[in-house]
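J.: Could you put together the complete structure from these sequences and hints?
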Amino acid sequence: MHRATSEQPAAPAPGADLPEVVDQVALARLYGEPLFALPQDLYIPPDALEVFLEAFEGPLDLLLYLIRKQNFNILDIPMLDVTRQYLGYVDEVRSRNLELAAEYLLMAAMLIEIKSRMLLPPRRQEGSAEPEDPRAELVRRLLEYERIKLAAMRLNQVPQYGRDFIRAQVYIEQSLQPRFPEMHLAELQQAWADIMRRARLVQHHRITREELSVREYMSQVLKALQGRRFVPFEDLFQPEKGGTVLVVTFIALLELAKETLIEITQAEAFAPIYVRLAYTPA
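Numbering-wise (this note's numbering), the sequence shown opens with residue 3 and increments by one.
Incorrect hints may have been included.
Okay, derived cross-link-like pairs now, BS3-like style, lysine-lysine, Cα gap no bigger than 25 Å in a straight line [as the list claims (entries may be wrong)]:
hint, residue 1, residue 2
1, Lys225, Lys260
2, Lys151, Lys225
3, Lys243, Lys225
For each label pair, taking beta carbons as the anchor points, the in silico distance ranges come out as [unchecked claim]:
hint, residue 1, residue 2, range
4, Pro41, Lys71, 31 to 37 Å
5, Pro183, Ala153, 47 to 53 Å
6, Asp237, Pro161, 56 to 62 Å
7, Arg278, Gln192, 42 to 48 Å
Derived from the structure by calculation, the hints contain no laboratory data. Just so it is clear, CB atoms sit at the ideal spot from N, CA and C, and this is done for glycine as well.
T.: The following block contains the structure:
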């Protein structure tokens, strides 16, 4: 059962009436009645706040606390004292109008049953010389719960990431030479599709017959790259001359790349594409 607090405010101001039909959440409860507005002359007496310092996670935790606190032998539990103290705690919680889990009431009934069975004459089990101890099952559950609780405490003491420490990250450059990503066909196709889309925006409807030479445009591309280190891919095309010239220029670029006369590079993924003359050793 979690740590709980309870407040007992003073009576409301004279003449204050609570609404009969309520469709909102109450701010507090005064003697069991919902309170939907704070009174203007609210007085809080000194004993209004009471705090329960003990916090238990269940009925077994409460029983184990009562046994260990008074140094009782867990293998020979004095059921009268433990049951009296347990019922006193349950009555105290219920008197504070706090919600009590059903498992606490079930454990109280079990303790009373064990105490009543101990008052009866001992009953021997078949094939056993010792009489049956009504506390055996309770002792087994308490010992098992204590082992799990101690294991959980030891596990909680282990340093945890995000609570006790954080992971440091250090990035070290391993190479001084820039490593450009490889050029993929899909990226080249995407760049070509962008060029074609721009050409369709400025094209004119003219029907002409024109003979274009791929070799001629290969020479034009090489001439455009002379004396320049890097040239943007799209700067080598002239959209205003129509889609036919764009196709021949693109084929000329592919032929030059195939013959290793030019290099098509990209600084990083999704970065602009550049074209330059291939490096030729002296």
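J.: Look at each hint and say if it fits the structure.
T.: The hints, checked one at a time:
1. Lys225 to Lys260: Distance ~18 Å between Lys225 and Lys260 Cα, so the pair holds.
2. Lys151 to Lys225: Measuring from Cα to Cα gives roughly 81 Å; hence the hint is violated.
3. Lys243 to Lys225: 19 Å, holds
4. Pro41 to Lys71: 31 to 37 Å: 42 Å, violated
5. Pro183 to Ala153: 47 to 53 Å: About 51 Å separates the Cβ atoms of Pro183 and Ala153, which means 47 to 53 Å holds.
6. Asp237 to Pro161: 56 to 62 Å: About 58 Å separates the Cβ atoms of Asp237 and Pro161, which means 56 to 62 Å holds.
7. Arg278 to Gln192: 42 to 48 Å: 20 Å, violated
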